[in-house]
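A.B. asks: The residues making up each chain are set out below.
2 protein chains.
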Amino acid sequence: MMNDSKNRLASGILPLVVMVLSPDTRKETVAWLLKRIREKQLVGGAELLVDPLASLAEEKENTNIFLVTASWKRILTGAEDLGLFKEYMDGSMRSFTSINSHNFKDFHGHGEDFFSMAECQYIVKHELETLRAKDETHVPGYTQAKLYPGKSIIRRLQSKKIMLQMFPLHNKEELKRLSFKWYKKVKTSLQPLDDIRHYYGEGLALYFGFLEYSTVALIPLALLGMLYCTFDWENYDKYVFFAVFNLIWCTVFLELWKRCSASLAYHWGTLSRKKVFEEPRPGFHGILGFNPVTGREEPVYPNYKRQLRIYLVSLPFVLLCLYLSLYVMMIYFQMEGWVLMLYDRDPTFCTKLFLYIPSIIYAMVIEVMNLIYRYAAELLTEWENHRLESSYQNHLVLKVLVFNFLNCFASLFYIAFIMQDIVLLRQNLATLLITSQIINQFMEAFLPYWLQRGRNKKIMMELPLTEQVRLEIDMSTYLGTFDDYLELFLLFGYISLFSSVYPLAAVLVLLNNITEIYSDAFKMCNLYKRPFSDPAANIGIWQLAFEAMSVIAIVTNCAIIGMSSEVRAYFPNSEMHLMLWTVAIEHGLLAFKFILAFLVPDIPKHIQIKLARLDFESIDALKKSFIRPSFVRSSIHV
Amino acid sequence: MMNDSKNRLASGILPLVVMVLSPDTRKETVAWLLKRIREKQLVGGAELLVDPLASLAEEKENTNIFLVTASWKRILTGAEDLGLFKEYMDGSMRSFTSINSHNFKDFHGHGEDFFSMAECQYIVKHELETLRAKDETHVPGYTQAKLYPGKSIIRRLQSKKIMLQMFPLHNKEELKRLSFKWYKKVKTSLQPLDDIRHYYGEGLALYFGFLEYSTVALIPLALLGMLYCTFDWENYDKYVFFAVFNLIWCTVFLELWKRCSASLAYHWGTLSRKKVFEEPRPGFHGILGFNPVTGREEPVYPNYKRQLRIYLVSLPFVLLCLYLSLYVMMIYFQMEGWVLMLYDRDPTFCTKLFLYIPSIIYAMVIEVMNLIYRYAAELLTEWENHRLESSYQNHLVLKVLVFNFLNCFASLFYIAFIMQDIVLLRQNLATLLITSQIINQFMEAFLPYWLQRGRNKKIMMELPLTEQVRLEIDMSTYLGTFDDYLELFLLFGYISLFSSVYPLAAVLVLLNNITEIYSDAFKMCNLYKRPFSDPAANIGIWQLAFEAMSVIAIVTNCAIIGMSSEVRAYFPNSEMHLMLWTVAIEHGLLAFKFILAFLVPDIPKHIQIKLARLDFESIDALKKSFIRPSFVRSSIHV
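These protein sequence lines map, in sequence, to chains A and B. Here the first sequence is numbered in this note's numbering, starting from 881 and rising by one per residue. Here the second sequence is numbered in this note's numbering, starting from 881 and rising by one per residue.
Chain A with its partners taken away, still in its complex shape (with noise of 0.2 Å):
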């Protein structure tokens, strides 16, 4: 049944991933590479079919377009190779097996429809990634790039820009199933995250499902905010309460969030799911040696190198940049303080059109530094030259995230702790949060809807197959969750930062959740090519960001309250005290919160025990397996 690639359309399976490669192609590259993805695994070949696109339709264009895909039986061993976790017949989730294929939930007769497209998808991704060179030693045509034993040829090719894209098909009728449940209907119900699951993986599902809790969470806030702009409540003590409901709302907020990714994680089988080992990133290079690991042959890059580059170079150009942000923001403060004078001396219309010039400046410096930054970054955590995606991805996260956070906040710290002046801090706070808002949703939703007004038309009708291929190879990538989380970040940023100051921020940034939610579903139905799932466990870094954010606040909040004329009030003889017990307090709640994140489970009970049972039984069952060996020979055979 491996070798049907004829009919495999005709008969019934769905082409699952394209594979676009260079039009000038060599021809024996092309036929090489074919027939080393359809040669059987015990020969070193993926067992997948692969073909032409144009052979289906005769087109010519570009002919070096190929649909891969793979039989139920191929879909199945990849799928024990990854190890996917499936729900069992007892409502736990287990390592799916063939061997007791049948004891799964949902698993009928071969196993056709057991796994979601998305999972078949990313099976024969990493089929096609872990195929690797025999004894070539070049890609066939191409003596430059050069392949030795073990190595990944797609990464060869794609790090030789042969290989052009690859990426998974859409499936029509999904999406459409999907964009009705998720944005196209009014819902008083929450978002349908399995669903997203189901469509787009792991990682997605969790940005959609943190972006939904904390739009949940943000709800009481938010009413509370509401309450304080109504009824006009600017006296002291309403703040200082409002301030430390923020404090132990954040903790919390992070607390469960942590339980509730592991719950969803859980029954999404990505928790306990052992990582397979992960194959070096296409840019990554070094001279030929030994993998300490795997005992392959690849290329190596000394550990200590890279942390030199890291902390010699990396480390100083973000500090300097950081410090450029910070002289950039002074002067920004210095041109204020001269239009005002200006102004003062002279107060006319020209002088008054002068007063906004400064902030326009700035903003405009910010938002081109930011860009020379973000280019700047990604090219020194390239030539970091880190081995995975994941390191890779973290370092490129920490240093955007520094930057951002200090773009965002360094002018609002100026306000608060040297100016001093609580009234221009809310003046601020309020401007700052609702431009961003309408520049994201104005970049994020209406813009694209407008310009792609044409063409989302386009993706949800009915295409035959060789058009819909070549409407989503020109559909833009999705670049992943990083600008998403960060817009997040940010924005919880201003609710928790300055919190006592403006307490109808949460207001605005509830507001801005709802309407992101929508914007979000909208753009990845509509507009992106399909992603590739990526079976996420939780948020990843994100989660530390957060956290680091919230203990910030903590340290911001006590001292603002502290710095109040209020709060001085009560202290008039002697600032050593107020000083004293703002401190004291600041302590108790970063104590307070380091014990509740200490006590406070990461995995609900229920899950753990879960967790255990599994535990257990596997080691009782190699127990057993070792007692009495003719069990185990029986149960292969079952």
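No false leads were mixed into what you were given.
The list makes no distinction among identical chains, and a pair is therefore deemed to hold if it is satisfied within one copy or across any two copies.
Taking lysine to aspartate or glutamate pairs in the EDC-like style, the calculated list, with each CA pair at most 20 Å apart, reads:
| no. | residue 1 | residue 2 |
| --- | --- | --- |
| 1 | Lys1154 | Glu1497 |
| 2 | Lys1155 | Asp1495 |
| 3 | Lys1485 | Glu1159 |
| 4 | Lys1154 | Asp1495 |
Keep in mind that the hints were calculated from the coordinates and are not lab data. Because the structure is a prediction, the values reported are computed rather than measured.
Following the hints, put chain B in place on chain A, whose structure we already have.
C.D. replies: This is chain B only, laid out in the frame that chain A set:
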């Protein structure tokens, strides 16, 4: 070979574990227990060799003393059940399996001497503790000692006081060799940690490893302290330097210990060993239900009830005790004030004597309070009804720790921050350190040495087995490393919390640690029954306790330096600025500590690689075994 119990000692198999039953245990109970222990595993027995001690020497004292041991074959299957890690041919640590036993280093013949005596005793203990009731409803002869299918028989016998003791036997020759290497010769080298582990197991070896590590780490600090003492550097700059050095030292000390401990635990095979399913502790009770993990029938006790007991009873009780302790301290300071006033008014010999009375009373009251509190803490933790011994221990340690911390340091905090008397603080610190050291050395080394002079000669002498067993039964039981760690913890507090005041503390603690090594080694070898080995992977909750102490140390040191008159001279006009700077530097140090903890990997790179390789190979093996099931079948026959 399983039933040669008659001549098992003659056959060269060492007796491993001693079981002491109550002298008035009924004959039928003894017969039933021995039968169950000897029975084959297939019918639910432990398949161990057991014989009464009396049969060897025909004595008539307590005839219910039994020696348990196991054949080498049984030891091997037991090690497999437990998943013990041993060194493989390639130098990595792997879970032992009989199938490829010959690929393990030092495995010769049938595996005699492959496991150390301590490991064999641990295996026998585990097999005894997992000897479960089948259809018995109670212990034969004791209708009140209820049993149900799956209940651990030994645990029931222990909780009903039918079994009085179960302990592993010393091995005189090994012990002699170990004690010679350890403390009998004047050494320039370090402790024989591998030998300690070989004889006492990983838990105790990790304690001695930590003791040694902290002793070595103290050397630079002590040298610096000596310089201060010699040259009488009493000005502020030098103290600030010492404090900063101390704070960095604390952080680096703890971070490096984590790596050190991971390294030791890896080589001892406990780092990645899966915990076997832990049996409920003997005192645990509840209504009969089903364990959600194992599915076995056993007593269950709802978690929420335990949480209620902890938060509504234990926590308020602990807080009340802390309050009481503070109250007693305040009374002490009041008394101090009175007698000082009395002496000032009328300075006679009599009133001079009065000066010492408050300290003496306070010291005695603290000692009594400590005893009562310890007793109450044990009662409370018992009453909280923890299912596992480990969770019981953690809760007990936490309770005792907090109270001891307050008792030791509250008066110092009071002197430092309320009285702000640095000279008195230094005096008190010195007095506390020196007296506690003298008392410790006396209580821990000289007193027991003197008391046991007669007996400790005996234990090293060549005695017939029966006499040796009876001798060991009378030795006191080692209650675990708790008190030893507590002592180290408090000493760590003395050097870190107020380091900027009294640099000589490090020298005193260093001296104390050196004698501590010898006295602890001596008492382990001479005074106590051999403890069962405890396969610990790290020092557990103590790591957390030390880290918490180092965080508190940052706060206290910053505060003391900020308060010192020399620093105040730098900010002559504004206390506010001084405070701000102090707080800012303190936050900076805290941030530095957390970032460092985040950046330094807890496990050294080369061990991470070895663990990753093991993971990779096991996934790879799983993959291969499922693609070619015939491979599995044949490999079992190897």
